[in-house]
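All chains should be modelled from the sequences, with the hints used to inform the complete structure.
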Amino acid sequence: GAVVSQHPSWVICKSGTSVKIECRSLDFQATTMFWYRQFPKQSLMLMATSNEGSKATYEQGVEKDKFLINHASLTLSTLTVTSAHPEDSSFYICSAPGTGYNEQFFGPGTRLTVL
Amino acid sequence: GENVEQHPSTLSVQEGDSAVIKCTYSDSASNYFPWYKQELGKGPQLIIDIRSNVGEKKDQRIAVTLNKTAKHFSLHITETQPEDSAVYFCAASAGTSYGKLTFGQGTILTVHP
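In the order they appear, the protein sequences are chains A and B. Under my numbering, think of the first position of the first sequence as 11, with each following residue one higher. Under my numbering, think of the first position of the second sequence as 168, with each following residue one higher.
Please keep in mind that the hints were generated in silico from the structure rather than gathered at the bench. Careful: at least some of the hints might be erroneous.
What the hints assert, rightly or not - Derived pair list, reagent style DMTMM-like, types lysine to aspartate or glutamate, alpha-carbon separation capped at 20 Å:
id	chain 1	residue 1	chain 2	residue 2
1	A	Lys30	A	Glu62
2	B	Lys225	B	Glu246
3	A	Lys76	A	Asp98
4	B	Lys238	B	Asp216
5	A	Lys24	A	Asp75
6	B	Lys235	B	Glu223
7	B	Lys224	A	Glu113
8	B	Lys209	A	Glu113
9	B	Lys209	A	Asp98
10	A	Lys51	A	Glu97
11	B	Lys209	A	Glu32
12	A	Lys51	B	Glu172
13	A	Lys51	B	Asp251
14	B	Lys235	B	Glu169
15	B	Lys225	A	Glu113
16	B	Lys204	A	Glu113
17	B	Lys238	B	Glu172
18	A	Lys51	B	Glu206
Unchecked claim - Simulated DEER-style distance windows between Cβ atoms:
id	chain 1	residue 1	chain 2	residue 2	range
19	A	Ser19	B	Thr236	39 to 47 Å
20	A	Ser25	B	Ser185	41 to 49 Å
21	A	Glu32	B	Gly208	15 to 23 Å
22	A	Leu78	B	Ser185	41 to 49 Å
23	A	Thr41	B	Gly183	42 to 50 Å
24	A	Leu125	B	Thr236	47 to 55 Å
25	B	Glu206	A	Thr41	25 to 33 Å
26	A	Gly110	B	Thr236	22 to 30 Å
27	B	Gly168	A	Ser83	24 to 32 Å
28	A	Ala82	B	His279	46 to 54 Å
29	A	Lys24	B	Asn170	34 to 42 Å
30	A	Leu125	B	Arg228	42 to 50 Å
31	A	Leu78	B	Ala237	35 to 43 Å
32	B	Glu206	A	Gly26	28 to 36 Å
Fair warning: this is a prediction, and the values are worked out from it, not measured in the lab. Using N, Cα and C, we set each Cβ at its ideal position, and we do this for glycine too.
Now the structure itself:
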């Protein structure tokens, strides 16, 4: 099946710094990718839909200026957490649609810890 | 928007027993219902899915049933094994291609040897 990778797998940063997370579709092209956030022992919450060549679509309550998304190519989407604070510590997961109807493939996730 | 409710939140079974997890959804436009297994520190892995034009789908020890009228769907795992222990999530998606998923709250399944 299709493979989605994320980099880094984990990152620790100081409060106030920015962190960039990459999501790549390894063997297929994705004009759309999704970014989710998952807090410990909770479900996945959709943050935004990343669209290649156009602006991302953010879910209600997600600050677009804090979570910058860039979908620069058909295989790469990036999520930048700007001015990170401890409450941004979470597990960030991306997904990309496969060729099947509504099928999605998930990346392995990125654990962000903000000190 | 769509709302997906999942029960139970935790489920403990003995090896060899069956496990059933249930979900309800609110949006009658939803027509794709996947189930994911998530192990600690990893991303979700699709284990089975069902589309609204069928009522049941089976893949070896795993089956999913869908009742569109009642807006609920269930995951059935038979002959459970310790390696089935994980968090399971149901999800629902509307009919457009590349539809975004709404997830249930998750079920922690523990299979005791």
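So if I understand the rule, the pair passes when the alpha-carbon distance is 20 Å or less; does B:Lys209 with A:Glu32 pass? 16 Å, holds
Tell me if the straight-line CA distance from B:Lys238 to B:Asp216 falls inside 20 Å. 15 Å, holds
Given pair status - A:Glu113, B:Lys225, alpha carbons within 20 Å: OK: B:Lys225 and A:Glu113 at ~17 Å, within 20 Å.
Within 47 to 55 Å or not, the Cβ separation of A:Leu125 and B:Thr236? 51 Å, holds
With the threshold set at 20 Å, check whether the alpha-carbon distance from B:Lys238 to B:Glu172 stays at or below it. Since the Cα atoms of B:Lys238 and B:Glu172 sit roughly 11 Å apart, the hinted pair holds (cutoff 20 Å).
Given the hinted pair B:Lys235 and B:Glu169, is their alpha-carbon gap at most 20 Å? At roughly 15 Å apart (the allowed maximum being 20 Å), B:Glu169 and B:Lys235 satisfy the hint.
Do the Cβ positions of A:Leu125 and B:Arg228 conform to the proposed distance bound of 42 to 50 Å? 43 Å, holds
For A:Lys51 and A:Glu97, compute the direct alpha-carbon distance and say whether it is at most 20 Å. Within the cut-off at roughly 15 Å; holds.
Falls inside 22 to 30 Å, the C-beta gap from A:Gly110 to B:Thr236? The hinted range 22 to 30 Å holds for A:Gly110 and B:Thr236, with Cβ atoms some 26 Å apart.
Consistency of beta-carbon spacing, A:Ser83 to B:Gly168, with hint 24 to 32 Å: With Cβ atoms ~30 Å apart, the hint holds.
Would the pair A:Lys30 and A:Glu62 pass a check requiring their Cα atoms to be no farther apart than 20 Å? Between A:Lys30 and A:Glu62 the Cα gap is close to 17 Å, so the pair holds against 20 Å.
Could you grab the alpha-carbon distance between B:Lys204 and A:Glu113 and see if it respects the 20 Å cut-off? 15 Å, holds
Checked against the numbered hints given earlier, this structure breaks none of them.
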